[in-house]
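Visitor: Spelled out, the chains give:
There are 2 protein chains.
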Amino acid sequence: MSASKTVRKVEVLSPVPADIDIANSVEPFHISEIAKDLNLSPKHYDLYGKYKAKVLLSVLDELEGSGDGYYVVVGGITPTPLGEGKSTTTVGLCQALGAFLDKKVVTCLRQPSQGPTFGIKGGAAGGGYSQVIPMDEFNLHLTGDIHAITAANNLLAAAIDTRVFHESTQSDKALLNRLCPPNKEGKRSFSDIMFRRLKKLGISKNKPEELSPQEVKKFARLDIDPASITWRRVMDVNDRFLRKITVGQGPEEKGMVRETGFDISVASEIMAVLALTTSLADMRERLGKMVIGNSKAGDPVTADDLGVGGALTVLMKDAINPTLMQTLEGTPVLVHAGPFANIAHGNSSIVADKIALKLAGPGGFVVTEAGFGSDIGTEKFMNIKCRYSSLTPQCAVIVATIRALKMHGGGPEVVAGKPLDRAYTTENVSLVEAGCVNLARHISNTKAYGVNVVVAVNMFATDSEAELNAVRNAALAAGAYDAVVCTHHAHGGKGAVDLGIAVQKACENVTQPLKFLYPLDISIKEKIEAIARSYGANGVEYSEQAEKQIEMYSKQGFSGLPICMAKTQYSFSHNAAEKGAPTGFSLPIRDVRASIGAGFIYPLVGTMSTMPGLPTRPCFYDIDLDTATGKVIGLS
Amino acid sequence: MSASKTVRKVEVLSPVPADIDIANSVEPFHISEIAKDLNLSPKHYDLYGKYKAKVLLSVLDELEGSGDGYYVVVGGITPTPLGEGKSTTTVGLCQALGAFLDKKVVTCLRQPSQGPTFGIKGGAAGGGYSQVIPMDEFNLHLTGDIHAITAANNLLAAAIDTRVFHESTQSDKALLNRLCPPNKEGKRSFSDIMFRRLKKLGISKNKPEELSPQEVKKFARLDIDPASITWRRVMDVNDRFLRKITVGQGPEEKGMVRETGFDISVASEIMAVLALTTSLADMRERLGKMVIGNSKAGDPVTADDLGVGGALTVLMKDAINPTLMQTLEGTPVLVHAGPFANIAHGNSSIVADKIALKLAGPGGFVVTEAGFGSDIGTEKFMNIKCRYSSLTPQCAVIVATIRALKMHGGGPEVVAGKPLDRAYTTENVSLVEAGCVNLARHISNTKAYGVNVVVAVNMFATDSEAELNAVRNAALAAGAYDAVVCTHHAHGGKGAVDLGIAVQKACENVTQPLKFLYPLDISIKEKIEAIARSYGANGVEYSEQAEKQIEMYSKQGFSGLPICMAKTQYSFSHNAAEKGAPTGFSLPIRDVRASIGAGFIYPLVGTMSTMPGLPTRPCFYDIDLDTATGKVIGLS
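So the sequence lines, in the order shown, correspond to chains X and S.
No gaps in the numbering here: position 142 of the first sequence is 142 in our numbering, and each next residue is one more.
No gaps in the numbering here: position 406 of the second sequence is 406 in our numbering, and each next residue is one more.
Isolated chain X, as found in the complex (with noise of 0.2 Å):
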């Protein structure tokens, strides 16, 4: 057993009782003894709470010259609409390494956003005997990061809108005179934020009164294009009815309306931004740099020629430090940024797992989770995360189910909310087998970074031997280090204890180094290509906008960037439909955008929702409150 002072027993029931009811039969360790067996002391973390505790990124500074655990990410399969497990199977390997093989361990994952939790999806804390505690902490409000990115993605949006109504009414001169007051003894000065925009203007001097009028015209005009503004208003609610708008109806707005749309928060830039920065200073340049859109002349306008990127930073100053919490067994978590999976990268923050690195020290573990399969969560973790962190992860866990195995190899359609086909449920290998040229292709795309790649195949009760028998000598065959069947799920870490030995062996046994898929230094298009490879596709289409948006980044100096997929998850293709693993193919790109702050450009293939709706019978019909003890009810 471990010598880790918080590890918890846990007696497992079966059948596995409801995740809400697990999570409520234990009593959580105050978060402080999860962070004392990490050797944080108080000044190193803000307590929220009894269970949640805020680790601050001072901590990394202090632990500068002392190497770093093993760095394991977990992706999966292409996955059914279901979910395969992959949050569950993160945590299950944790507690394994943490309360049954005494490693130290940290877990860091990504924190859920808050809508779906009342539309049709519930929480993302993990399940059953997996799980982080308290749920419904974790599931609502956490410590307010994704609060403040909604606070500071519509401070922007409400400069950009302001701005341009005041610059229609009003002369390049009196812009000037009101952007730079006169202070009581009646001098104008520029702010400090001002000398941003001078200095990326060329114009070097330091007075207003100094200024050319052409020089007070660049400065004081951002003369935004409306129609270029590609910067949302975001919300963390399922409101449909916000996807697309019409804003500046009032009549104080002097008909200065526009068509916009409201997006789900953890689909900000700022969500990428926290997930992508490496320090506070880094964190206020990368804010400062956002794009909202261009002006008529087609140059970018960022956050700081609106003067708001200071603004930005401090509201999301407490943002930039993880969150600490809890596994069900007791070990600690580090939760931290959600950013999109399609339109954005899909992994935790760098900053977390950097820390989590430290604490967890040589020969201990970091387990980190990336978004959907290989194909997308991989894939950005390695060429867009790893990256900027200049972190080299040692393994790569892939979480396949039998379900989903079944379904590449031509089972029927898995629908969410509807009874699973017979298919699914009784065994048929042969299914099974043909499946795995899903999980095939993930291992040898995943294997090509020079990780070893260990299959984790979550296991469910209807599954079979034989059935488990052929992923397992698929995935050898496919080029894995091993492969492993668990049942963390039902039994909680122990579950999960051959999986946390081969992860183990994975990571003490690398023979290569970390190879991204692509070079920064070629162009936007054979990114986008090597990427499409790498899915089976055989070409390329772009429509006329994407060439255009193209073009335009590549003018603006922004072809140097990695490149962030906006494509389903459904299938390695751009078709949801096809699965398996499609080759031949040619993937259409529709549009190209970009996050300069956070520092990608995505290309989409096909359009994605970035709000979600709410269904007739949301599940907050089920959520509650038991008044009498303060403890959350129906949350699920």
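Warning: the hint list may mix true and false statements.
Since the list gives no way to pick out one identical chain from another, each pair is judged satisfied if it fits inside one copy or across any two copies.
[What the hints assert, rightly or not] The list that follows gives simulated cross-link-like pairs (lysine-lysine, DSS-like), each with its CA atoms no further than 30 Å apart:
1. Lys254 <-> Lys418
2. Lys207 <-> Lys631
3. Lys555 <-> Lys418
4. Lys631 <-> Lys187
5. Lys525 <-> Lys187
6. Lys631 <-> Lys50
7. Lys217 <-> Lys205
8. Lys36 <-> Lys50
9. Lys205 <-> Lys631
10. Lys173 <-> Lys548
11. Lys205 <-> Lys447
12. Lys447 <-> Lys207
13. Lys418 <-> Lys187
14. Lys173 <-> Lys254
15. Lys43 <-> Lys205
16. Lys207 <-> Lys418
17. Lys244 <-> Lys296
18. Lys217 <-> Lys184
19. Lys631 <-> Lys184
20. Lys525 <-> Lys631
These aren't lab readings, by the way, just hints derived from the structure by calculation.
For this one, chain X is given, so just place chain S on it according to the hints.
Guide: Relative to chain X, chain S alone:
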């Protein structure tokens, strides 16, 4: 000197430095020290970082048998647009009582809206040497209560539009089947919240299949009249382009467009609920009975009818706990709720005051602030807040400035952002004397509640001895218990010691019971007319729309609620330009609305902006983070 361990001696400088520099010049006590001084142990609160803690509501149960402290409300005369220092006086008075007069004292303040912090206004933590610290934490995010309100408000908004949408495309039977889906055994059942609606409809059946077709229709079809929807979305950002918008323009919403808009978050009815609730169970009921509009048949539709009252309570469960902070001189502050002071009642929360009164205990003091002048803030404090809380104040402080009195005496217009006219900075006793009619009416209106009135003259450097004496004399002549000049902005608590002594005497010498301005069991119109008379009006004029609404609310059974007038704070009358103590006017009621969950009817006297905007140069231009130290700069 005080026996309290957390009293801090602050060395005052002259001239008074910038607020943020004063705030940053002291190291705050760890909030657990402040809590300890109030006899709170760690089980009574949740830490939120080092300088904030949420005091748990359970403290009230524990202290149920113990006595209350004195209860003091701070209001003001009719203000100039610059504000007369009401928050600063509240803090200064408490610093005097706690740090200089050795009293147990708790300050209860409203949480400021975050939006205006980045607009024109800057922060709201008091000023000079009378501040709440850390002021950046006070002004930004705090412990997430307003974010929780935003989330809850907008979940309800999404539920409304989505329900209308789903009802439009489904038969009664299909709706019922979707609302009550079969479980694994194929059985359909009502969820707990559905029984609330069934009860309201007078249907006592327990299973969906027992409903008659008529009952299915009544139960499953809310039949909301889109034109009647009064529930708007909110955001804690000054975003004027959201004042009036059209939603539902996406193709998936099938043309179900609707005109609506956003208010700033503190204008949400949920903020008023938070301020007026007395327990978790009470909050659950209030949130559930909030009315969002009517059915086409004219029946009110509530949050519980939509199935979302429980989820709203879950989102608000931590927000109900007040946040403990500290003043510059180390006295305790509870920050909680900040409802709008015209469309809502503009007072901090009942639960914070209740907890504070127990913590201060017999002989101790609780000083709470009411928004704007006594016509708005104190009137609503008495007739709405004290009615719901059953608490009895002993003393009301009325804050006055020479500046505002001169304005009421006929001085030139005072405009924010423009230099003050010379009349305000040089001695002019007769202007002051003429303006005292405004003060006199605030005194007599407030005295009528049965409390002793102490006038606090918030002194500025330019005020003369003769001017200050004129105010004192006028105040005493108008029936004030005392009138005291204070200099807490420049000198901290020491500058309000005389005020503290006067307040103590006033509290100890109350001779009358609390009297409300109107009973609840008269008609809506009679209540409106009673309030109008207190403004100096000789009558009330109702628009056709107002008549219609009064009739509807009376018919719906809501006429027993107190009245919350939505009126300009810049005059006793409806006309902001009417200074002094106007009489003989007729008060126009443009419209009448209701916050049924919060528990008041609010007549609109003129138009109230519920979403501020940003100027050409918002104060975010000055705000940034020093990324080396992590300190906020430029916040004022």
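Visitor: With reference to the structure, classify each hint as holding or not holding.
Guide: So, going through the hints one by one against the coordinates:
Taking CA atoms no more than 30 Å apart as the test, Lys254 paired with Lys418 passes between copies only; the shortest distance there is 25 Å, against 50 Å inside one copy. Taking CA atoms no more than 30 Å apart as the test, Lys207 paired with Lys631 passes between copies only; the shortest distance there is 27 Å, against 59 Å inside one copy. In this assembly of identical chains, Lys555 and Lys418 lie within 30 Å of each other by CA distance neither inside one copy nor across copies; the values are 49 Å within and 46 Å between. Taking the shortest alpha-carbon separations for Lys631 and Lys187, only the inter-copy value of 27 Å comes in at or below 30 Å, while the best intra-copy value is 59 Å.
In this homomeric assembly, Lys525 and Lys187 never come within 30 Å of each other (Cα to Cα): the closest approach is 51 Å inside a single copy and 55 Å across copies. Taking the shortest Cα distances, Lys631 and Lys50 sit within 30 Å of each other both inside one copy (15 Å) and across copies (26 Å). For the homomeric pair Lys217 and Lys205, the shortest alpha-carbon distance inside one copy (14 Å) is at most 30 Å, but the shortest distance between copies (72 Å) is not. When the C-alpha separation of Lys36 and Lys50 is checked against a cutoff of 30 Å, the pair qualifies both within a copy, at 14 Å, and between copies, at 18 Å.
Only between protomers do Lys205 and Lys631 lie at most 30 Å apart by alpha-carbon distance; the minimum there is 28 Å, versus 61 Å within a single protomer. In this assembly of identical chains, Lys173 and Lys548 lie within 30 Å of each other by CA distance neither inside one copy nor across copies; the values are 35 Å within and 51 Å between. For a Cα distance limit of 30 Å, the shortest separation of Lys205 from Lys447 qualifies neither inside one copy, at 54 Å, nor across copies, at 61 Å. Within a single copy, Lys447 and Lys207 get their C-alpha atoms no closer than 57 Å, and across copies no closer than 56 Å, so neither meets the 30 Å cut-off.
In the homo-oligomer, the alpha carbons of Lys418 and Lys187 lie at most 30 Å apart only across protomers (16 Å), although the nearest pairing inside one protomer, at 70 Å, exceeds that limit. Taking CA atoms no more than 30 Å apart as the test, Lys173 paired with Lys254 passes inside one copy only; the shortest distance there is 22 Å, against 47 Å between copies. For the homomeric pair Lys43 and Lys205, neither the shortest alpha-carbon distance inside one copy (44 Å) nor that between copies (58 Å) is at most 30 Å. For the identical chains of this complex, Lys207 and Lys418 are inter-copy neighbours only, at 23 Å across copies versus 67 Å inside a copy, given an alpha-carbon limit of 30 Å.
Both within a single protomer and between protomers do Lys244 and Lys296 lie at most 30 Å apart by alpha-carbon distance, with minima of 24 Å and 27 Å respectively. Taking the closest pair of Cα atoms, Lys217 and Lys184 come within 30 Å of each other only inside a single copy of the chain (26 Å); across copies the shortest separation is 68 Å, beyond that limit. In this homomeric assembly, Lys631 and Lys184 come within 30 Å of each other (Cα to Cα) only across copies, at 26 Å, whereas the closest approach inside a single copy is 55 Å. Neither within a single protomer nor between protomers do Lys525 and Lys631 lie at most 30 Å apart by alpha-carbon distance, with minima of 53 Å and 43 Å respectively.
When each numbered hint is compared with the structure, violations occur for hints 3, 5, 10, 11, 12, 15, 20.
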